[in-house]
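Visitor: Listed below, chain by chain, are the residues.
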Amino acid sequence: MSRLIYLDNAATTQVEPEVLDAMIPYFTEYYGNPSAIYTFAGKAKGAIEEARKILAEGIGARPEEIFFTGGGSESDNWAIKATAEAYAAKGHHIITSKIEHHAVLHTAEYLEKNGCEVTYLDVDENGLVSPEAVKAAIRPDTILISIMMANNEIGTIEPVREIGAVAKENGILFHTDAVQAFGHLPINVEEMHIDMLSASAHKLNGPKGVGFLYIRRGLKLRSFLHGGAQERQRRAGTHNVAGIVGMGKAAEIAFREMEKRSAYVTELRNHLIERVLAEVPYTRLNGDRWNRLPGNASFCFRFIEGESLLILLDQNGICASSGSACTSGALDPSHVLLAIGLPHEIAHGSLRISLSGKTTKEEIDFTVDRIKEIVERLRNMSPLYEDFVKKNA
Amino acid sequence: MYSEKVMDHFNNPRNVGEIEQPSGVGTVGNAKCGDIMRIYLDIDENGVIQDAKFKTFGCGAAVATSSMATELVKGKTVQEALQVTNKAVMEALDGLPPVKVHCSLLAEEAIHAALWDYAEKNHIQIEGLEKPVADIEEKEGAEETTEGY
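Protein chains in written order, with this note's numbering: chain P, 1 to 393; chain E, 394 to 542.
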């Protein structure tokens, strides 16, 4: 086995050669600290501002509303904790959903220990948060609504525009974790009434360890990291210049190619979903059949467990992921799969395949063929399948 | 993450399958935590385990511990089989990651459950065998060691 079939692009992506080329001079030639006064540092400072402009334009924001961070998790932490702090006089209630990324959920749980009250909204069987449910959860002391733009596990795209409208009508701040969506779906913070948006570079062929938080002008969010005066005194720490340049370049390519890439990946994903559902019995697709991220396909195969499936796929050179408990080191399977109403034993048999613009049909067909063999092999080893077959004999 | 022996037993599991009219069969674990093991034993009139088979729903470690446990009890007497503890299974596999230790406990418990079934069917008592619990997570004081990992 020599070739690698990388189908875990929701976890991270390969840095594009064009992105890497753009980054390298900021390690080697223009390594000056962008906060320095001398002319030599000017090139680095200019590159940061150029990236800021590209990112702002991409989401319909102003450059001064983009704040660079160390990634999506930092952005989520900052947005939520700083809002709780800044708006404490107004209230302590936060609304979010049960299927958020842990960067949001664990931050909310942390705040609960510090006097906040959090409503975790249920989702429907496809993982959709209902704007009506958001509205119904609003209290006089609600200060923040945080709902992700698209789910990382099951790919479902949330009705962010409608939820944003609800937030606006009620004068409540709206944060969205757009880590999976940014660069993959069209975003406009004005039309979607978004006050804060988290994004990360490495999900769109940029480097790891860099992201940004969009903060609508006028919000009183304070600094989360204390130290220097970078990012207009709101995010201390020497800029990750090369990383920021790389994120800007990756976003530029992603915006330029979005329509084309999205159409290509969606078609390939549909082919994958159709083949798996038709050829592997006792299988379900998680998340909405159509209203989902272009590159996401999430399945549950009954009677088998996800980690075994992943190990055997890995032996065929295929990288994918699972919401099985065994892959997380915990006993419970993915909170997202449980929130869409799956019983534990079915949630344990999950497989997430996430495609990129470089994935080929041949790779998908090879992968489906392997999935068929592996699922059959594991089922032949499964007491649950044995019982099922005997019961239905 | 896994030792070579664990990977070997996962990739080429020994004794997968069922035994028609087994002397004893035991199923333990629960789907909630993601592991279910069933072990079948064929025990002759002298109390020697002639054959052992298993079926397992679970992770790589669950499959490997089932495979190893069935290997270890084959050819042993019922009394000897009781000495096949979770620690013995782990040692034979060159250790397990800490989060997977419960898989070896499950394998030990599955053997005990099959032996219990055998004892009940034959109206005998096996010295030192306690009634197994169906769900290993409920068992207290089990030997948890990650030695050799």
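In case anyone wonders, no lab produced these hints; they're calculated from the structure.
There may be inaccurate statements among the hints.
The calculated lysine-lysine pairs, modelled on BS3-like cross-linking and capped at a C-alpha distance of 25 Å, are [to be verified]:
hint, chain 1, residue 1, chain 2, residue 2
1, P, K98, E, K425
2, E, K469, E, K425
3, E, K469, P, K390
4, P, K372, P, K391
5, P, K260, P, K53
6, P, K358, P, K208
7, P, K135, P, K53
8, P, K98, P, K53
9, P, K260, P, K361
10, E, K524, E, K469
11, P, K113, P, K81
12, E, K469, P, K391
13, P, K372, P, K358
14, E, K425, P, K391
15, E, K514, P, K390
Visitor: Determine for every hint whether it applies to the structure shown.
Guide: How the hints compare with the structure:
1. P:K98 to E:K425: With Cα atoms ~19 Å apart, K98 of chain P and K425 of chain E stay inside 25 Å; holds.
2. E:K469 to E:K425: 33 Å, violated
3. E:K469 to P:K390: Given that 25 Å is the threshold and the Cα spacing comes to 31 Å, the pair is violated.
4. P:K372 to P:K391: Given that 25 Å is the threshold and the Cα spacing comes to 23 Å, the pair holds.
5. P:K260 to P:K53: Holds - the C-alpha atoms of K53 of chain P and K260 of chain P are around 23 Å apart, at most 25 Å.
6. P:K358 to P:K208: 19 Å, holds
7. P:K135 to P:K53: At roughly 34 Å apart (the allowed maximum being 25 Å), K53 of chain P and K135 of chain P break the hint.
8. P:K98 to P:K53: Violated, because 34 Å separates the two Cα atoms, which is more than 25 Å.
9. P:K260 to P:K361: 16 Å, holds
10. E:K524 to E:K469: 20 Å, holds
11. P:K113 to P:K81: The hint holds at about 12 Å.
12. E:K469 to P:K391: 33 Å, violated
13. P:K372 to P:K358: 23 Å, holds
14. E:K425 to P:K391: 21 Å, holds
15. E:K514 to P:K390: 22 Å, holds
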